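Undergrad: Model the full assembly from the supplied sequences, consistent with the hints where possible.
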Amino acid sequence: MGTATLEKNDSAGPVDSAENSATHLITVTLRIRRFNPEVSEEAKWEDFTLEIDPKERVLDALHKIKWETDGTLTFRRSCAHGICGSDAMRINGRNRLACKTLIKDINPEKPITVEAIKGLTVLKDLVVDMDPFFQAYRDVMPFLVTTGNEPTRERYQSAEDRERFDDTTKCILCAACTSSCPVFWNDGQYFGPAAIVNAHRFIFDSRDEAGEQRLEILNDRDGVWRCRTTFNCTDACPRGIEVTKAIQEVKRALITRRF
Amino acid sequence: MSTETTQAAEPEDAQVTLYDVDHPAPVIEPPRARTGKTPKASRTNFEMYGWLFMRLSGIVLVVLVLGHLLIQLVLDGGVSKIGFAFVAGRWASPFWQVWDLAMLWLAMLHGANGLRTVINDYAERDTTRFWLKWLLYAATVFTVLLGTLVIFTFDPNIR
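Those sequence lines, one after another, are chains A and B.
Residue 1 is where the first sequence starts when you use the UniProt record's numbering, and the numbers rise one by one after that.
Residue 1 is where the second sequence starts when you use the UniProt record's numbering, and the numbers rise one by one after that.
All clues stand as given, with none of them false.
Okay, derived cross-link-like pairs now, DSBU-like style, lysine-lysine, Cα gap no bigger than 30 Å in a straight line:
| id | chain 1 | residue 1 | chain 2 | residue 2 |
| --- | --- | --- | --- | --- |
| 1 | B | K37 | A | K118 |
| 2 | A | K55 | A | K124 |
| 3 | A | K100 | A | K245 |
| 4 | A | K55 | A | K118 |
| 5 | A | K118 | B | K133 |
| 6 | A | K66 | A | K100 |
| 7 | A | K124 | B | K37 |
| 8 | A | K118 | A | K64 |
| 9 | A | K104 | A | K170 |
Treat the hints as calculated values from the structure; they're not laboratory data.
This one's a predicted model, so the numbers in the text were calculated from it and none came from an experiment.
TA: Pasting the structure below:
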């Protein structure tokens with residue numbers, strides 16, 4: 001593999017790699033929604049222009065701004081590799097992870113808008129209060145519930161039984177789905193897609209015994225029946241979870257009582 | 001843009017002092033946040049039956065409404081044939097009475113339930129919700145009862 005790529009580079013011209021760093025930089029404008037309650041009650045857009053490699057990510061651009069231009073820019077990020085789910089934000093009007101969005105993929109010719117996710121209280125710049133989101137998560141009991149004695153060995157599960165809820169185990173709780181949901185924007189009492197996905201993960205787990213209880217919680221006024229199947233959540237999920245499908249499966253389980 | 005904002009802030013020094021580290025501006029909270037005190041499940045199946053009703057009544061309404069439109073507006077001379085005599089003739093038959101009654105009830109309840117979810121989705125304040133829904137239910141009950149009364153007490157010799 002290594003030699004093959006080297007040969008390709010040779011045919012393209014050996015000078016390329018040396019010039020790469022300088023010529024591949026492009027000028028990008030990031031239009032960031034700023035809010036600082038210690039300065040003003042108004043949120044406003046602020047433009048930052050910077051030179052960056054288009055193969056870099058939006059998170060790298062935010063880092064560049066924070067580290068080199070304006071240290072007051074506030075945003076969350078932890079692992080920076082799409083696993084921790086800290087840096088969900090609204091980039092060009094769509095919820096994405098800043099660490100998984102390449103500059104070249106979102107039309108860098110126009111200003112790239114970056115704002116906090118919707119439906120949650122903005123505390124500063126891109127940081128929102130995640131408490132209501134995690135409250136909904138806690139309310140669906142996202143943990144294994146069993147009865148009887150603990151087995152001395154692992155709890156056996158066939159590959160097929162594991163496959164049943166494989167999709168919903170991928171959730172990283174970034175809130176991209178819940179904060180893309182128009183029902184959640186208008187009514188924070190709705191559990192939201194992320195909580196339902198995590199309920200789905202246990203409802204369809206053959207080892208778990210509290211499926212009925214979780215279904216009863218989601219049968220509520222603010223549960224799955226408020227879903228309008230707009231598919232915003234499926235589009236927003238950075239992990240590619242079929243969120244709307246999971247919600248529909250919970251609805252079907254509630255009607256047929258088979259899961 | 002960044003220079004603009006700093007310039008704009010300087011002449012308004014009096015305003016800027018309104019908010020500082022100890023006195024931050026109020027944050028804008030979204031409507032009806034979920035907290036630990038949010039009431040737990042009501043333990044009824046109302047929402048589930050409402051959801052099922054929308055699907056089932058929708059299917060039946062496709063047949064009823066399209067059939068109604070076809071008979072009233074297309075077949076046998078179209079709109080021009082509709083008059084007192086035509087309506088009186090149809091309602092003489094129990095079949096058309098049941099058809100129209102089913103259409104009235106299903107369409108009204110289907111529409112009312114749809115509007116109920118719209119109100120739930122979009123009315124932010126609890127009082128707004130309450131009054132909008134009250135108005136909706138009153139209008140629905142009135143229309144359904146009046147329509148039912150007319151279908152069953154229709155007198156072809158009224159003139």
